[in-house]
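A.B. asks: Chain by chain, the residues run as shown.
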Amino acid sequence: QSALTQPPSASGSPGQSVTISCTGTSSDVGGYNYVSWYQQHPGKAPKLMIYEVSKRPSGVPDRLSGSKSGNTASLTVSGLQAEDEADYYCSSYAGSNNYVFGTGTKVTVL
Amino acid sequence: QLQLQESGPGLVKPSETLSLTCTVSGGSISSSSYFWGWIRQPPEKGLEWIGSIYHSGTTYYKPSLKSRVTISVDTSKSQFSLKLGSVTAADTAVYYCAHLTAVTIDYWGQGTLVTVSS
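Respectively, the protein sequence lines represent chains A and B.
In my numbering, each number is its position in the first sequence, counted from 1, plus 431.
Anchor point for the second sequence: position 49 equals 40 in my numbering, and the numbering is continuous, going up by one each time.
Source of the hints: derived by calculation from the structure; they are not laboratory data.
Quantities reported herein were computed from a predicted structural model and do not represent experimental measurements.
Built from N, CA and C at the ideal position, the CB exists for glycine as well.
Each hint should be verified, as a subset may be incorrect.
Stated by the list, open to error - Cβ pair distances, simulated, as ranges:
| # | chain 1 | residue 1 | chain 2 | residue 2 | range |
| --- | --- | --- | --- | --- | --- |
| 1 | A | P445 | B | T14 | 36 to 42 Å |
| 2 | A | D493 | B | T92 | 35 to 41 Å |
| 3 | A | S433 | B | S24 | 39 to 45 Å |
| 4 | A | T539 | B | L(-7) | 46 to 52 Å |
| 5 | B | T61 | A | G501 | 35 to 41 Å |
| 6 | B | Q101 | A | S440 | 22 to 28 Å |
| 7 | A | G501 | B | A93 | 20 to 26 Å |
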């Protein structure tokens, strides 16, 4: 049960878009449509932003969108704002009521 | 609004057992279809899944931690707990308790830092 692979960093100017990838295996990302994305600001708990690959909880702006192809899921943040600067983690259901997290991506708004 | 709050010692000696409790408010710990879980995050590192428990007491653990982890639930107190045995410095982390649906982790506690040191 290895961690899902994410790029360490991503950046964009205000108003631009940034896309973060999350690569796993057929035993996790590729095997289930249960990929979630979390936003974590320094010193804070993670916050659910996307679940079931592309669904947004109430209150999450539609500037955030998720998708999946094969063993790789992606999160796109459009119209970047200063408040989007944070760490982002993906997670996937991995069977037998276990979950696996991604390595995390630091998003910087230039 | 569901709220979760971790509590327990912030310092544990090597080889001893780490014990944390999560108190749930704003919702029922006995709700069907939901699980309660523990996740940790070492300083400056990523998130690691530890395990979960159903209100009936059925547990699920990360395979690599299974030999050292016990998660239990006390529905009368709206609490669930984590015990991690034989700790080392590698177990130093912020520990989060969380609420899980069948497909995601949707509510998190604020987290509590546990340091393993003599």
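A.B. asks: If a hint holds in the structure, say so; if it doesn't, say that too.
C.D. replies: Checked hints:
Checking the proposed 36 to 42 Å range against P445 of chain A and T14 of chain B shows it holds: the Cβ atoms sit about 40 Å from each other. For D493 of chain A paired with T92 of chain B, a C-beta distance near 21 Å fails the hint of 35 to 41 Å. For the pair S433 of chain A and S24 of chain B, the supplied restraint of 39 to 45 Å is violated, since their beta-carbon distance comes to about 29 Å. The hinted window of 46 to 52 Å between T539 of chain A and L(-7) of chain B is violated, with their beta carbons roughly 32 Å apart.
Taken as a hint, the range 35 to 41 Å holds for the pair T61 of chain B and G501 of chain A, whose Cβ atoms sit roughly 37 Å apart. For the pair Q101 of chain B and S440 of chain A, the supplied restraint of 22 to 28 Å holds, since their beta-carbon distance comes to about 26 Å. At about 23 Å, the beta-carbon gap between G501 of chain A and A93 of chain B stays in the expected band of 20 to 26 Å.
When each numbered hint is compared with the structure, violations occur for hints 2, 3, 4.
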